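Heads up: the sequence lines are chains A and B, in that order. Just so you know, we're using this note's numbering here: the first sequence kicks off at 12 and counts up by one. Just so you know, we're using this note's numbering here: the second sequence kicks off at 12 and counts up by one.
Where hints are given, some of them may not hold.
Same chains, same label: a pair holds when it works inside one copy or across any pair of copies.
Said to hold, decoys possible - Computed cross-link-like contacts, DMTMM-like style, restricted to lysine to aspartate or glutamate with a CA-CA straight-line distance of at most 25 Å:
| # | residue 1 | residue 2 |
| --- | --- | --- |
| 1 | Lys213 | Asp38 |
| 2 | Lys51 | Asp146 |
| 3 | Lys51 | Asp208 |
| 4 | Lys169 | Glu94 |
| 5 | Lys267 | Asp166 |
| 6 | Lys51 | Glu145 |
| 7 | Lys169 | Glu111 |
| 8 | Lys267 | Glu94 |
| 9 | Lys169 | Glu298 |
| 10 | Lys51 | Asp116 |
| 11 | Lys213 | Glu94 |
| 12 | Lys51 | Asp166 |
| 13 | Lys86 | Asp208 |
| 14 | Lys86 | Asp300 |
| 15 | Lys86 | Glu258 |
| 16 | Lys40 | Asp208 |
| 17 | Lys51 | Glu258 |
These aren't lab readings, by the way, just hints derived from the structure by calculation. Please read these numbers as outputs of a predicted model, since none were measured by experiment.
Spelled out from the first residue to the last, the chains are:
2 protein chains.
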Amino acid sequence: MSAQTASTLPRVVIIGGGFGGLYTAQDLKQAPLQITLIDKRNFHLFQPLLYQVATGSLSPADISSPLRMVLRGHKNTQVLMDEALDIDPVRRQVILRDHEPVEYDALIVATGASHHYFGNEQWRSLAPGLKTIEDALEIRRRVFLAFESAEKETDPQKQQAWLTFVIVGAGPTGVELAGSIAEIAHSALRGNFRRIDTRQAKILLVEGLDRVLPPYSPALSARAERDLTHLGVTVQTQSLVTQITPESVALRQGEKEQIIPARTVLWAAGVKASELGQVLAQRAGAELDRAGRIIVREDLTIPGYDNIFVLGDLAHFAHHGEAPLPGVAPVAMQEAAYLAKHLPRRLAGQAIPPFRYVDYGSLAVIGQNKAVVDFGFAQFTGLIAWMIWVWAHIYYLIEFDNKLIVMVQWGWNYFTRGRGARLITGEGPISSGQSEEKAEPAPALSR
Amino acid sequence: MSAQTASTLPRVVIIGGGFGGLYTAQDLKQAPLQITLIDKRNFHLFQPLLYQVATGSLSPADISSPLRMVLRGHKNTQVLMDEALDIDPVRRQVILRDHEPVEYDALIVATGASHHYFGNEQWRSLAPGLKTIEDALEIRRRVFLAFESAEKETDPQKQQAWLTFVIVGAGPTGVELAGSIAEIAHSALRGNFRRIDTRQAKILLVEGLDRVLPPYSPALSARAERDLTHLGVTVQTQSLVTQITPESVALRQGEKEQIIPARTVLWAAGVKASELGQVLAQRAGAELDRAGRIIVREDLTIPGYDNIFVLGDLAHFAHHGEAPLPGVAPVAMQEAAYLAKHLPRRLAGQAIPPFRYVDYGSLAVIGQNKAVVDFGFAQFTGLIAWMIWVWAHIYYLIEFDNKLIVMVQWGWNYFTRGRGARLITGEGPISSGQSEEKAEPAPALSR
């Protein structure tokens, strides 16, 4: 560290403790800076495994790392648990809900994205998405309560509606959820009920485009669809959701309209950048794309502000003439590494090279022993792909603590096909309103 | 199994999947009976470790076992996730919220107990107790949010109120909570904050009687108090809570009145038997004690009904002339074993011997390497007691799955003194209302 005193060191403010924000802070551990990391939650969430919490394989703490714990050895960093409400790029201030405004010399905005219902906000409570721990626990609650409700129901048609699960969107999250629910129905719950056969559950994966995992190669999409079908998932492509009610989903496939009685609908169809993007657009004149992401320059800054960087799911970054980078953890992590490396030079007024993303490939897991991996130069499916997936996810779970527990839990789940974390918890009703005559379950469940 | 068909086998209904109810069902695995286990939750909860969820050491699923999973191999047993609302001892029926009434030849009621605020129901939202997973997560939320709020607060007095934790009641639960919060403040969070020194936290354990762990021998109580003091807990005995507000607790110690500014108050002072006890008292003329427990006969039945048994925390059982048995897991487990052994004979109209409780001793844990064990003939403290405590709890965690995970987690926690499950989750506000001017935090927190 230089001879500067702490108070004269450049002030770096990072908003968001996800892969973009936290990895930047981690990589800047030794830098002569005053870093402030702001997040409204007190933990980093390993989102790629969130579907395993939603389906009862892991506990929330297994995939969460307290930010203060991760950064406790970083003498140059303080963590504020707070929400950034506004940004003043002229005064170089971030306005917070609970604290005094914090001033910055460089600002890094990495607040990610949430679900997007394409203008159908009323679907939010009927078809929860998967972005937060609370979302995951709500989905877990609904999935396992659906089997309990089916066991209680005596009318066969209503019973089948409880045993019908519709997942909207066949990207990686939708595929993971559908595959997991199929495994729950066919393996984990087998022999657990007396009146229903959980294998009668219908898991319907609905996709608007013409194949599952649209960003992957057609060959891998085909393999993923075959694996899903083998697990018991019904894949329906080129279909759009036109209506969701507490008891059904309406789909349109070309000219064909269908109404599917279903009590559980999960939303994996779209994401929208967090609202801080709009704030930045307003305050700093940044341009947004259709998903609300901020269009950044080749050094991840926004036009006109060399000291405001945007990373991760909130950023729309495109290599010259190409499609924007997808909202996945590896992009955020590479952006963080780039930024941590070059930020001190930028703060010293020196030129920095443009960011270049290196695509090491894509992974999606479908079920036990089933995954697809696309390295570009090579593609893997089945058990090998699954092992690559397991290895990559264990490797990146930030703390040794989490890694160890998750490994033990996975090892155990692997051999038992059990789902020990299938608790139905939360504030909703104990009974799920087995018949419409009694109560509409959806509003109650969404409490 | 006899040649009887299933429909003519005696029908046994068990209400409650705690230690009493679940262990009875488990022990009756081979019995020629039709057993129905009813619980409003879908899991058995290992309550002795609930304080570890409340203090961020374990996750809810680590101490919970899905009832259907535990009983999946029991061909004679069905699980109903439902709430028993009423009992009709003449028609021999249990009235349920969602299902048709179930008929029984023998009824086992084991619905346990919840907190008791001694007529001060308004304290419930201000000073949560610890009986359910939701309670534990609410306490975890408040404890870790208090440190975050202290870090945000600039007024030293208000900061100290956030760093003051009052635990009401010095029975085993109160001692465990106080010791754990002291360890959080002194070890787990050390170096995590920049503005506050978490070691400035004040942990006050308040007890109405003249010593901590009143049911134990005076020597062990003295040792426990010494250990608590060593951990940083202030023990205040012979003190009664006279008022709780969102910002303070009023105590009376003899003539002395004190007001202690404190933002976090936890309730470990009293339990009251569940409401089904009152139902039984009304319907079957059973007698209740002051804590709402049903006074049972020496075979655990209620007077006048040889086929209605009451177990566990809901039962008031006293050996001739002695005090009633305490509401602890070993009592419920021995009662369950007794009942499972003799129930078939009772159903066949044969005489059964009276229940006898064998007291193998009491355990209470104070902190890492610190516990007290009272075997009657011998007493242990410190590391040896702690190891006995660890062994006993690992042993009784029902499933291998849970045991393994908890062992790994404990092993890791032991060496790191970490608390990886310290997530602040739930529906409350992100910011905790750092100043009274903004919002009263307590009503918001209790949402």
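Any hints from earlier that this structure breaks? Give me their numbers in increasing order, please. 1, 5, 8, 9, 11, 14 and 15
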